Amino acid sequence: MLFFSFFKTLVDQEVTLKNDIELKGTLKSVDQFLNLKLDNISCSNESKYPHLTSVRNIFIRGSTVRYVYLNKNMVDTNLLQDAARREAMTEKK
Amino acid sequence: MSPLLKDYLGQRIVIITTEGECYVATLEGYDKSVNLLLSNVRRRSDDELLSIALTLRGSEVVVCGLLSNNEVGKLGEEVPALKDTKNKVQDEYLIWEEVLKARLIK
Numbered sequence: 906m907l908f909f910s911f912f913k914t915l916v917d918q919e920v921t922l923k924n925d926i927e928l929k930g931t932l933k934s935v936d937q938f939l940n941l942k943l944d945n946i947s948c949s950n951e952s953k954y955p956h957l958t959s960v961r962n963i964f965i966r967g968s969t970v971r972y973v974y975l976n977k978n979m980v981d982t983n984l985l986q987d988a989a990r991r992e993a994m995t996e997k998k
Numbered sequence: 002m003s004p005l006l007k008d009y010l011g012q013r014i015v016i017i018t019t020e021g022e023c024y025v026a027t028l029e030g031y032d033k034s035v036n037l038l039l040s041n042v043r044r045r046s047d048d049e050l051l052s053i054a055l056t057l058r059g060s061e062v063v064v065c066g067l068l069s070n071n072e073v074g075k076l077g078e079e080v081p082a083l084k085d086t087k088n089k090v091q092d093e094y095l096i097w098e099e100v101l102k103a104r105l106i107k
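If you read the sequences in order, they're chains U and Z. Numbering-wise, my numbering puts 990 at position 85 of the first sequence, and it's gapless, one number per residue. Numbering-wise, my numbering puts 97 at position 96 of the second sequence, and it's gapless, one number per residue.
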């Protein structure tokens with residue numbers, strides 16, 4: 906549940922994803938399976954993989970995501986640590 | 002039910018599968034594990050009709066992209082094949098053969 910909330914805080918930020926294609930786009934929404942929806946995507950190796958030309962809005966199945974690159978300033982680590990602790994506490998109960 | 006795919010219903014979408022296949026199809030339906038019901042499924046590279054209707058298991062789906070302004074999905078020319086997402090080790094059995102040999106020698 907933590908990552909679900911975490912990604913929700915990142916909505917409207919720019920993120921880069923990588924499977925074999927590298928994508929960059931604005932995170933629009935996320936659901937409980939961490940499926941992601943990106944808007945305004947660009948493909949950083951488009952000449953190699955032109956499959957996604959003329960695609961702007963994309964849905965990615967959460968299970969296939971390997972990395973999500975984030976900018977350091979997007980993440981409040983203190984807040985995240987706190988949230989992780991709280992989550993661990995509620996699980997214990 | 003995941004609402005994320007709702008906007009794509011009835012639209013032409015590009016689908017990339019874990020096998021590295023790339024299709025263009027109309028999204029007719031889906032469920033919470035992203036099993037897809039597709040119609041008018043065409044190959045992305047040469048626009049060849051593959052199937053009139055098809056269900057695709059969610060575990061095979063990597064990406065669904067909305068084709069802008071419903072244009073024809075054909076890419077033309079040579080399109081390099083996508084890699085699959087399985088990270089298979091090439092000739093893994095040879096490695097294990099070596100490992101077993103080494104053990105037997107001991």
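Errors might be hidden in some of the hints.
Claimed, not checked - Pairwise CB distance ranges, derived in the manner of DEER restraints:
no. : chain 1 : residue 1 : chain 2 : residue 2 : range
1   : Z       : Leu101    : U       : Phe908    : 36 to 42 Å
2   : Z       : Ser60     : U       : Thr914    : 36 to 42 Å
3   : U       : Asn976    : Z       : Lys84     : 23 to 29 Å
What the hints assert, rightly or not - Facing chain U, from chain Z, some residues (calculated, C-beta under 10 Å):
no. : residue
4   : Leu6
5   : Tyr9
6   : Ile14
7   : Thr19
8   : Glu29
9   : Lys33
10  : Leu55
11  : Gly59
12  : Leu68
13  : Leu83
14  : Thr86
15  : Val90
16  : Tyr94
Unchecked claim - No farther apart than 25 Å at their CA atoms in a straight line, the calculated lysine-lysine pairs in the DSS-like style are these:
no. : chain 1 : residue 1 : chain 2 : residue 2
17  : Z       : Lys87     : U       : Lys929
18  : U       : Lys977    : U       : Lys929
19  : U       : Lys913    : Z       : Lys87
20  : U       : Lys933    : Z       : Lys33
21  : U       : Lys997    : U       : Lys933
22  : U       : Lys929    : Z       : Lys107
23  : U       : Lys933    : Z       : Lys89
Think of the hints as simulated: they come from the structure by calculation, not from any bench. All of these numbers come straight from a predicted model, not from anything done at the bench. Note that beta-carbon positions come from the ideal geometry of N, C-alpha and C, so glycine has one too.
Verification of the hints:
no.	hint	result
1	Leu101/Z / Phe908/U: 36 to 42 Å	holds (40 Å)
2	Ser60/Z / Thr914/U: 36 to 42 Å	violated (28 Å)
3	Asn976/U / Lys84/Z: 23 to 29 Å	holds (27 Å)
4	Leu6	holds (6 Å)
5	Tyr9	holds (7 Å)
6	Ile14	holds (8 Å)
7	Thr19	holds (7 Å)
8	Glu29	violated (15 Å)
9	Lys33	holds (8 Å)
10	Leu55	violated (17 Å)
11	Gly59	holds (7 Å)
12	Leu68	holds (6 Å)
13	Leu83	holds (6 Å)
14	Thr86	holds (6 Å)
15	Val90	violated (16 Å)
16	Tyr94	violated (24 Å)
17	Lys87/Z / Lys929/U	holds (22 Å)
18	Lys977/U / Lys929/U	holds (16 Å)
19	Lys913/U / Lys87/Z	violated (28 Å)
20	Lys933/U / Lys33/Z	holds (19 Å)
21	Lys997/U / Lys933/U	violated (33 Å)
22	Lys929/U / Lys107/Z	violated (52 Å)
23	Lys933/U / Lys89/Z	violated (32 Å)
Consistency note: the structure conflicts with the earlier hints numbered 2, 8, 10, 15, 16, 19, 21, 22, 23.
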